[in-house]
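Q: Those sequence lines, one after another, are chains X and B.
Here the first sequence stands for residues 1 to 118, numbered as in this note's numbering.
Here the second sequence stands for residues 1 to 214, numbered as in this note's numbering.
You may find that some hints are simply not true.
Each computed BS3-like pair below joins lysine-lysine, with the alpha-carbon atoms no more than 30 angstroms apart [stated by the list, open to error]:
hint	chain 1	residue 1	chain 2	residue 2
1	X	LYS60	B	LYS113
2	X	LYS33	X	LYS52
3	X	LYS33	X	LYS83
4	B	LYS113	X	LYS52
5	B	LYS113	X	LYS105
6	B	LYS68	B	LYS129
Think of the hints as simulated: they come from the structure by calculation, not from any bench.
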Amino acid sequence: MGNAEKSSSSAENPSLLAGRNWFERLLVSFIAKRTPKCREVVRLLSQSMEVKLPLTTRIKIRIHYLICVWCYRYGQQLQALRKIASSLPEHVDNCCSETLPHSSKERIKQALRETRNE
Amino acid sequence: MISLTGMRHRQEVSKVASGASTGVNPECWVDDHGDCLYRYALLRVRRPEVAEDLVQETLCAAVRTYGKFQGKSSERSWLCSILKNKICDYFRKLGRETSFTDLEFLNDEMSQKFIDQGWNHDLGPADWKAETEVLMDRAEFWETFRDCLSKLPARVGDVFMLREMEEMETAQICQALRISQNNLWVILHRARMALRECLELNWFENKPKLRTDG
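Looking at chain X on its own, in the form it has when it is part of the complex (with noise of 0.2 angstroms):
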């Protein structure tokens, strides 16, 4: 895991069981050792945007939160990625300012007007 054992390093995960005394420290270890590694739980949060996954991993997932504020951070965050991404179109006016040329509007316009008399 790391997180649990380093907590030399300069950054120390905020998680709910940050390894405080003996026992929370123990308890993190023990819960390092049997739910995924963090490089594995980030990816398995982009596969549940796709997928549901198995009961059991996503119970490992939530018991992982317990002493990794990082990975539950990230699934927070590909959560609130995917309705800025879906928003976009809506918004594209604030971040594009690309105009439509006078003429393709005219020539549009046409298209429009035959296809109406169709």
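The hints should help you fit chain B onto chain X, whose structure is shown.
A: Relative to chain X, chain B alone:
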């Protein structure tokens, strides 16, 4: 002369008929929504002439199917959904194979992110501290998001946007782009990872000051 008036008369009649039945003038769509549709199309297909064709196809299809438009959604989102279908069709017809060199684009960054399969402590995801809805109301956010999208390798961006913007089913994307499901998952995973990272660096940690006026 007679035939000409006859023709004119027929045109008038058909105009009145369709105008009366639909109550709209499709030519106004070009002025009202043309730029918006064009921007979205251009973002997706990158070539102006292709984007223009897609806008035209979209509006022509809208004229033909206007009767089915219930007015449940706004005119713009209705036109947008037709365009989405046209974009999907475009990629289906393109049928290009995704080059796998693109998949290597994140290998280096990925290895930095993790140490012994766990997060590198200094590079773990930050708390974004923001409601997605609030975020999406801010015009500058969309510029950042677009910049992040444009940093993805073209093929990877195509796959991500087909999935998340056109909301195409994964099986259909695999079929259209001739890639396996596993490869699709890998591409999506890496695209998400790169976008998340880019947003965090360029928006959440470097957020432009909130304007007091809202």
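Q: Now, for every hint given, state plainly whether the structure supports it.
A: Verification of the supplied hints:
1. LYS60/X to LYS113/B: holds, 22 angstroms
2. LYS33/X to LYS52/X: holds, 24 angstroms
3. LYS33/X to LYS83/X: Not OK: LYS33/X and LYS83/X at ~33 angstroms, beyond 30 angstroms, violated.
4. LYS113/B to LYS52/X: holds, 26 angstroms
5. LYS113/B to LYS105/X: At roughly 48 angstroms apart (the allowed maximum being 30 angstroms), LYS105/X and LYS113/B break the hint.
6. LYS68/B to LYS129/B: violated, 42 angstroms
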